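Just need the whole structure built from these sequences, with the hints factored in.
Residue numbering for the sequence shown follows my numbering, beginning at 57 and increasing consecutively.
One or more of the hints may lead you astray.
[Said to hold, decoys possible] Below, computed lysine-lysine pairings styled on DSSO-like, alpha-carbon distance capped at 27 Å:
#: 1; residue 1: LYS243; residue 2: LYS217
#: 2; residue 1: LYS234; residue 2: LYS217
#: 3; residue 1: LYS217; residue 2: LYS238
#: 4; residue 1: LYS61; residue 2: LYS217
[Stated by the list, open to error] Ranges of calculated distance between the beta carbons of each label pair, as one might list FRET restraints:
#: 5; residue 1: ARG180; residue 2: PRO201; range: 26 to 34 Å
#: 6; residue 1: ILE80; residue 2: SER229; range: 51 to 59 Å
#: 7; residue 1: ASN83; residue 2: VAL215; range: 40 to 48 Å
#: 8; residue 1: GLU225; residue 2: ALA79; range: 41 to 49 Å
#: 9; residue 1: GLU230; residue 2: LEU107; range: 26 to 34 Å
#: 10; residue 1: GLU230; residue 2: ASP75; range: 46 to 54 Å
#: 11; residue 1: GLU225; residue 2: ASP263; range: 17 to 25 Å
#: 12; residue 1: ALA79; residue 2: SER229; range: 51 to 59 Å
#: 13; residue 1: ILE80; residue 2: VAL246; range: 34 to 42 Å
#: 14; residue 1: GLY135; residue 2: CYS224; range: 47 to 55 Å
#: 15; residue 1: GLU231; residue 2: ILE132; range: 41 to 49 Å
Quick caveat, the hints were computed from the structure, so don't treat them as lab data.
These figures come from a predicted structure and were not determined experimentally.
Glycine residues also receive a C-beta, built at the ideal position from the N, C-alpha and C atoms.
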Amino acid sequence: MSDSKIRVLVVDDHPVLRDGVAAILENQADMVMIGEARDGREAVELFRSLLPDVTLMDLQMPVMNGVDAIAEIRSIHAGAKIIVLTTYAGDVQAVRALRAGAVGYLLKSGLRTDMIDAIHDVHRGQRHVHRDIADEIALHVVDEPLTGREIQILCLVSVGKGNRQVACELGLSEETVKGHLKNVFAKLGVADRTHAVTVAARRGIIDI
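See the structure below:
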């Protein structure tokens with residue numbers, strides 16, 4: 057009976073991805089895709105009207121990002137079961153999404169192999185986090201996080217600004233900027249600006 061099927065809402069700004077998920081769900085006897093949204097704001101509105109059993113949520117989207125959408129949906133319905141579906145394996149971004157209320161975290165590269173198991177797991181009330189992401193979270197769980205100011209400086213460095221430009225833009229001394237960057241390097245375990253930006257982007261600390 058269709059009433060017994062797991063009702064799934066898919067949220068992603070790429071139509072090809074939404075079509076791919078729909079094609080996979082069509083082959084599942086106990087699942088049905090009941091709606092699709094192109095951004096976080098639309099996701100919140102559709103969730104409110106459809107009340108899906110499971111929501112698959114992208115993170116990087118226009119209008120409203122996935123983390124904000126997760127938080128808003130959970131404020132509407134505390135029991136909402138949301139699985140993040142993303143290309144990014146960064147531990148910081150994953151922790152942000154899980155703290156917002158996601159109960160699953162998948163990589164789009166594992167869509168065909170992991171998605172069905174993840175939907176079943178979260179529908180049963182379990183968590184489902186991709187092994188690689190769980191390992192990354194465990195690896196960095198005791199790391200000292202970057203401060204807001206350190207992230208702000210690193211974002212400016214990532215677009216090619218030198219210490220003097222960063223200092224001028226933020227109203228700091230050049231020595232203060234250098235001190236912050238030294239702390240960033242130590243926390244990320246890197247030796248230079250380029251590596252710092254690369255590691256921070258991979259872990260989801262900054263967007264580039």
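Going down the list of hints, with the structure as the test:
{"no.": "1", "hint": "LYS243 x LYS217", "in the structure": "21 Å, holds"}
{"no.": "2", "hint": "LYS234 x LYS217", "in the structure": "13 Å, holds"}
{"no.": "3", "hint": "LYS217 x LYS238", "in the structure": "16 Å, holds"}
{"no.": "4", "hint": "LYS61 x LYS217", "in the structure": "53 Å, violated"}
{"no.": "5", "hint": "ARG180 x PRO201: 26 to 34 Å", "in the structure": "33 Å, holds"}
{"no.": "6", "hint": "ILE80 x SER229: 51 to 59 Å", "in the structure": "55 Å, holds"}
{"no.": "7", "hint": "ASN83 x VAL215: 40 to 48 Å", "in the structure": "44 Å, holds"}
{"no.": "8", "hint": "GLU225 x ALA79: 41 to 49 Å", "in the structure": "47 Å, holds"}
{"no.": "9", "hint": "GLU230 x LEU107: 26 to 34 Å", "in the structure": "54 Å, violated"}
{"no.": "10", "hint": "GLU230 x ASP75: 46 to 54 Å", "in the structure": "51 Å, holds"}
{"no.": "11", "hint": "GLU225 x ASP263: 17 to 25 Å", "in the structure": "18 Å, holds"}
{"no.": "12", "hint": "ALA79 x SER229: 51 to 59 Å", "in the structure": "57 Å, holds"}
{"no.": "13", "hint": "ILE80 x VAL246: 34 to 42 Å", "in the structure": "39 Å, holds"}
{"no.": "14", "hint": "GLY135 x CYS224: 47 to 55 Å", "in the structure": "49 Å, holds"}
{"no.": "15", "hint": "GLU231 x ILE132: 41 to 49 Å", "in the structure": "48 Å, holds"}
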